[in-house]
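2 protein chains.
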Amino acid sequence: MSSPGNVPVKVDRRVKIAEVVLRCLVCGLGVLVAALVGTDTQVKEIFSIERKAKFTDMKSLLFLVVTNGIVAGYSVIQGIRCVVSMIKGRVLFNKALAWAIFSCDQVMAYMTLAALAAATQSAMLAEKGQVEMQWMNVCGIYRSFCTQIGEGIVAALVVSLATITISSVSAFNLFRLYGGHKRITNCGAW
Amino acid sequence: MSSPGNVPVKVDRRVKIAEVVLRCLVCGLGVLVAALVGTDTQVKEIFSIERKAKFTDMKSLLFLVVTNGIVAGYSVIQGIRCVVSMIKGRVLFNKALAWAIFSCDQVMAYMTLAALAAATQSAMLAEKGQVEMQWMNVCGIYRSFCTQIGEGIVAALVVSLATITISSVSAFNLFRLYGGHKRITNCGAW
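Protein chains in written order, with the UniProt record's numbering: chain P, 1 to 190; chain F, 1 to 190.
These aren't lab readings, by the way, just hints derived from the structure by calculation.
There could be a bad hint or two in this list.
Identical copies go unnamed one by one, so any copy, or any two together, can satisfy a pair.
Claimed, not checked - When the alpha-carbon atoms are kept at most 27 Å apart in a straight line, the in silico DSS-like pairs for lysine-lysine are as follows:
no. : residue 1 : residue 2
1   : Lys-44    : Lys-59
2   : Lys-88    : Lys-10
3   : Lys-95    : Lys-10
4   : Lys-128   : Lys-52
5   : Lys-128   : Lys-44
6   : Lys-59    : Lys-128
7   : Lys-44    : Lys-95
8   : Lys-54    : Lys-128
9   : Lys-54    : Lys-88
Please read all numbers here as calculations on a predicted model, not as lab measurements.
With the hints as constraints, model all of the structure from the sequences given.
If you want it as structure tokens, here you go:
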């Protein structure tokens, strides 16, 4: 298997292995986030009234579960494709396919980050409350519920960082198809 | 000025102009977001008690203002560099510099998106409330305050989309430095 562009074969192989590992990580942790947050409930009796906290009470947590579910499924497909192409040593000529992979990876990276940011914001409000808005800190009531959400958010942070790294790798895989000279004139010049 | 890699000179020039336009847009709208959200206040009398809503009441709005201020300042510097390098037709040899620009652009893209997602989540809670959490819809009280925040969020969305596009352009500018062949073998193969 030859090395593309001016990248040493050894470095190129390491990038490929890192990509497979990251995609497996995203898949595993994506499922974990969806399971941790999606199954999280707690029942409390407040003034003789039974109240139940569940993840669908906050739209941002629902968004987190759906996003991580999607990214886990997508990572399975991409991971299998990566492994098969490594084993068979297949060669990519097609810029359109490279663009499709790059675009999907970008969407996944931005989606997971947006879901993480929104969920973290909700979690912070639930944990600390917001006196000025008269929003109470519901985590004072639903402690174990909030702890499990917190664990889910930590896992989602790792998923997000991994998808961001993967999107850089796929940018590398795409845009080196446009290289031809080592000299370059562009807006990034100086 | 020669065209880098296997990209036609005409296309390359258009990419450069688009980058300058986008950086100017980010700068202008970044300042607008910071001004709209950062100066937003409303005073209301509730049961004879005067209450004031301000953007610092929500940490996510403070994050939105700071992030957009930073990205606006960064865009001025990058915009000037872009224009000067276009006029002088300077040539980039330095991969380290291309990496630095790419990394900064990536940070800006992810930062603006995270700030936007967190602020949107807070704004949704303020607009709709969350009955299950006993969080009231404060926008029912502070209508003009919320409207101005909403305008800021729309502008922040455009900023975020523009920084995401810029980060793709700088990925293109960086990774084509690693191209050498049109044939490529990588994990993106099939």
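Now the hints, each set against the structure:
1. Lys-44 <-> Lys-59: within (21 Å within a copy, 29 Å between copies)
2. Lys-88 <-> Lys-10: within (17 Å within a copy, 38 Å between copies)
3. Lys-95 <-> Lys-10: both (24 Å within a copy, 19 Å between copies)
4. Lys-128 <-> Lys-52: For Lys-128 and Lys-52, the Cα distance is within 27 Å both inside one copy (20 Å) and across copies (20 Å).
5. Lys-128 <-> Lys-44: both (19 Å within a copy, 25 Å between copies)
6. Lys-59 <-> Lys-128: The answer is both: 19 Å in one copy and 11 Å across copies each meet 27 Å.
7. Lys-44 <-> Lys-95: Classified as neither: same-chain Cα gap 56 Å, cross-chain 58 Å, threshold 27 Å.
8. Lys-54 <-> Lys-128: both (18 Å within a copy, 18 Å between copies)
9. Lys-54 <-> Lys-88: Neither: 46 Å inside a copy, 60 Å across copies.
Violated hints, in rising order: 7, 9; the structure is consistent with all others.
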